[in-house]
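Chains A and B, in that order, are what the protein sequence lines are. The numbering of the first sequence is my numbering, which starts it at 590 and goes up by one. The numbering of the second sequence is my numbering, which starts it at 45 and goes up by one.
These are computed hints drawn from the structure, not numbers from a lab. Ideal Cβ placement from N, Cα and C applies to all residues, glycine included. It is possible that part of the hints are untrue.
Said to hold, decoys possible - Here are some chain A residues pointing at chain B (derived, C-beta under 7 Å):
1. M590
2. R591
3. T592
4. L596
5. T597
6. A599
7. P608
8. L614
9. V617
10. S725
11. L727
12. V862
13. R914
14. G954
15. W956
What the hints assert, rightly or not - Pulled from the structure, derived: some chain B residues nowhere near chain A, Cβ distances all over 10 Å:
16. D49
17. R61
18. K149
19. Q165
20. G176
21. S180
22. R190
23. R193
Said to hold, decoys possible - Have a look at the derived ranges for each label pair, beta carbon to beta carbon:
24. B:Q144 / A:P693: 55 to 63 Å
25. A:E605 / B:E145: 20 to 28 Å
26. B:D187 / A:L931: 27 to 35 Å
27. A:S875 / B:Q144: 45 to 53 Å
28. B:D86 / A:I877: 44 to 52 Å
29. B:R53 / A:R601: 16 to 24 Å
30. A:E605 / B:D49: 21 to 29 Å
31. B:R53 / A:G706: 22 to 30 Å
32. B:D49 / A:R793: 37 to 45 Å
33. B:P147 / A:R601: 21 to 29 Å
34. A:V686 / B:R184: 32 to 40 Å
35. A:T597 / B:D96: 38 to 46 Å
36. B:D49 / A:T694: 32 to 40 Å
37. A:K690 / B:Q144: 51 to 59 Å
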Amino acid sequence: MRTEEELTGALRAAAEHAPDESDLLAGVETLKHQRARRRVRTLAAAAAVVVVAVGGAGLRGALSIGGEGDVATTTTPVPFPEVTRTVTLDSRPEKAVPAAKLWPTAVLTVPTMNAEGMKYEPITGIGVTQVLLLASSLEGTRIEVYDAATKRARVVTTVPMKPTAVPPTVTADGKNVAWMSSGTKRGVSVREIWTAPLSGGKARPVATISGPPADIDALAINGDRIVWSERRGDVWSIPLSGGAAARIPTGRGLRLLRWPWASDAPAGPDSSVRGQSKVVDLTTGSTIKVVTRPGTQGLRCGPFWCFGHDETGALVQRIDGSNLRYLDDRGFWGRPAMAPILNRFVLRGSGIYDIATDRAAAIEGRWTAVAAGHPTIVYWEGGRGTFRVLNLAAVPPAQ
Amino acid sequence: MEDFDEFVRARGDALLRYGYVLSGNSEDAADLVQEALARLGDAWTRVRNKHDPEGYVRTTMVRLHIRSWRRRHREDLVAAVPERGEHDRYGDADLWAELQELPRKQRAVLVLRYYEDLPDQEIADILGVSRGTVRSQAARALDKLRIKRVLQEAR
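Using the sequences plus the hints, can you model the full thing?
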């Protein structure tokens, strides 16, 4: 018999025979050009199909079709004949309205760096005109709040960490900010959780976690506690004032979504096809089962809505499997697996789709980013030296 | 995209080594890395904000690898397209050669576990299967390679 160590040794030894990296960048460029051409072709084909569908039905708005007839696709549909499928025409790119026009009060202009030349990374919206930002330079890292109405920034706190380390994961509620910085000590992963009052003040360490439990995928503040989950599952909490961290019994094996919800799949966004089977309320332990149709992949849910895809394309559905809507599947987001943001928005096409109003907002910019952590903002390149930040929490409620 | 080029230059060789243990030959290794990097380039702003571009590339590579096998396998049956890239051979050849005989999914599980040193749950997340599937695939592969299972029980 051989040993597992011999296997590791054989793999490591083989790796040394890998080709050298001389032409990687050139190869990547060639591939990207090929793909751009492919994408244009796919787009043209899909557009033709949609035009036929609209012309044939002569309908505006939501178009309902029975069972096997899926119009907006050229691939074989998954048969699920007893359910009515809805193709949402308003989510097609040509029906999408620029975000700043559709939700004028929710889109803010924020500079890309502060007066001292520290680069900003938007984290989350704070109120209607304010955005929480991570500011970093080689000299250090800070958390700031920028007010788009007064065009002024203020420092919340200085993040004590080595400037070369991975940027911290930051979260906030209306009163406090918390963040997790990462590093290693003698080859073991170490995460430090810190907090500071949102109104401004000195950073205070709350917990240090090392070893396997330091593989943390989500962090949130819930009133006077900080809550996080391990990537391998299990939700923990600790008082903001410090003390002992404790596993939340109802969160065994789960990953934190937005408090109080947890999932048995990653919170995302990720590119996995792994689906989710339940949503759990961590305060009561009550569980909502996710109903997944055959063929649906990467289905991720909050307490009401789910987002995923099947062979036909991207889709949203109620958690009980009802209310299926297919969405535009083209554009720059790819197929991010994540629950709808704030139970309402999904990253789709070249913008954001609003489940509550069945409207789509287009984003125009050379690049677009979604904030890290449990995102509630999306931002893209604005005019010279600025971001345009869409605060989804500030989008008016559906009428 | 300066950061992206920098990332490729800094991590390219590590990714090629990973591609090589996954695929077993130089040609496929380079293809895997290039395709995964091209996808990363498309998604650069999003992934960079998740702070883990390398994780994204590695995950993409292993998925591409398993998928490309399925595609190629079907082509083989229909059009008899020859497998490209002979498996390289060298020194400690036996175990390496036997590794190439494993189904790709099983080999991917072994690479993720014994080369990348990932816990089974993370391997399950990457491959989009259950932890139980990872364990059974690994066990089957280890048995074929006549490797005594010790670590397995502790995972």
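Against the structure, the hints come out as follows:
1. M590: This interface hint holds because 4 Å falls under the 7 Å limit.
2. R591: Hint holds; R591 (chain A) Cβ to chain B Cβ min 5 Å, cut 7 Å.
3. T592: holds (6 Å)
4. L596: holds (5 Å)
5. T597: The hint holds - T597 (chain A) has a Cβ within 7 Å of chain B, the shortest such distance being about 5 Å.
6. A599: holds (4 Å)
7. P608: holds (4 Å)
8. L614: holds (5 Å)
9. V617: Holds, because the Cβ-Cβ distance from V617 (chain A) to chain B comes to roughly 5 Å (cut-off 7 Å).
10. S725: Check failed: Cβ of S725 (chain A) comes no nearer than 12 Å to chain B, outside 7 Å.
11. L727: Result: violated, 15 Å to nearest chain B Cβ.
12. V862: With a minimum Cβ separation of about 4 Å from chain B (threshold 7 Å), the hint on V862 (chain A) holds.
13. R914: violated (24 Å)
14. G954: With Cβ-Cβ at 10 Å, over 7 Å, it is violated.
15. W956: holds (4 Å)
16. D49: violated (6 Å)
17. R61: violated (4 Å)
18. K149: holds (14 Å)
19. Q165: Given that some Cβ of chain A is not farther than 10 Å from that of Q165 (chain B), nearest at about 4 Å, it is violated.
20. G176: holds (13 Å)
21. S180: With a cut-off of 10 Å, S180 (chain B) remains clear of chain A, as the shortest Cβ separation is near 17 Å.
22. R190: At about 6 Å from chain A, R190 (chain B) fails to clear the 10 Å cut-off, so the statement is violated.
23. R193: The claim breaks: R193 (chain B) does not keep its Cβ more than 10 Å from every Cβ of chain A (closest is about 8 Å).
24. B:Q144 / A:P693: 55 to 63 Å: holds (59 Å)
25. A:E605 / B:E145: 20 to 28 Å: Check passed, 22 Å falls within 20 to 28 Å.
26. B:D187 / A:L931: 27 to 35 Å: Violated - the Cβ-Cβ distance for D187 (chain B) and L931 (chain A), about 48 Å, lies outside 27 to 35 Å.
27. A:S875 / B:Q144: 45 to 53 Å: Since S875 (chain A) and Q144 (chain B) have Cβ atoms about 50 Å apart, the given range 45 to 53 Å holds.
28. B:D86 / A:I877: 44 to 52 Å: Violated, since D86 (chain B) and I877 (chain A) (Cβ atoms, about 35 Å apart) do not stay within the stated range.
29. B:R53 / A:R601: 16 to 24 Å: Taking Cβ atoms as reference, R53 (chain B) and R601 (chain A) lie about 23 Å apart, which means the hint holds.
30. A:E605 / B:D49: 21 to 29 Å: Because 25 Å falls inside the window, the suggested range holds.
31. B:R53 / A:G706: 22 to 30 Å: Given range 22 to 30 Å: holds, Cβ gap about 25 Å.
32. B:D49 / A:R793: 37 to 45 Å: Holds - the Cβ-Cβ distance for D49 (chain B) and R793 (chain A), about 39 Å, lies within 37 to 45 Å.
33. B:P147 / A:R601: 21 to 29 Å: Hint holds: Cβ distance 22 Å, inside 21 to 29 Å.
34. A:V686 / B:R184: 32 to 40 Å: violated (53 Å)
35. A:T597 / B:D96: 38 to 46 Å: The hint (38 to 46 Å, Cβ to Cβ) is violated, given that T597 (chain A) and D96 (chain B) are roughly 24 Å apart.
36. B:D49 / A:T694: 32 to 40 Å: holds (39 Å)
37. A:K690 / B:Q144: 51 to 59 Å: holds (57 Å)
Going down the numbered hints, you'll see the structure goes against 10, 11, 13, 14, 16, 17, 19, 22, 23, 26, 28, 34, 35, while the others check out.
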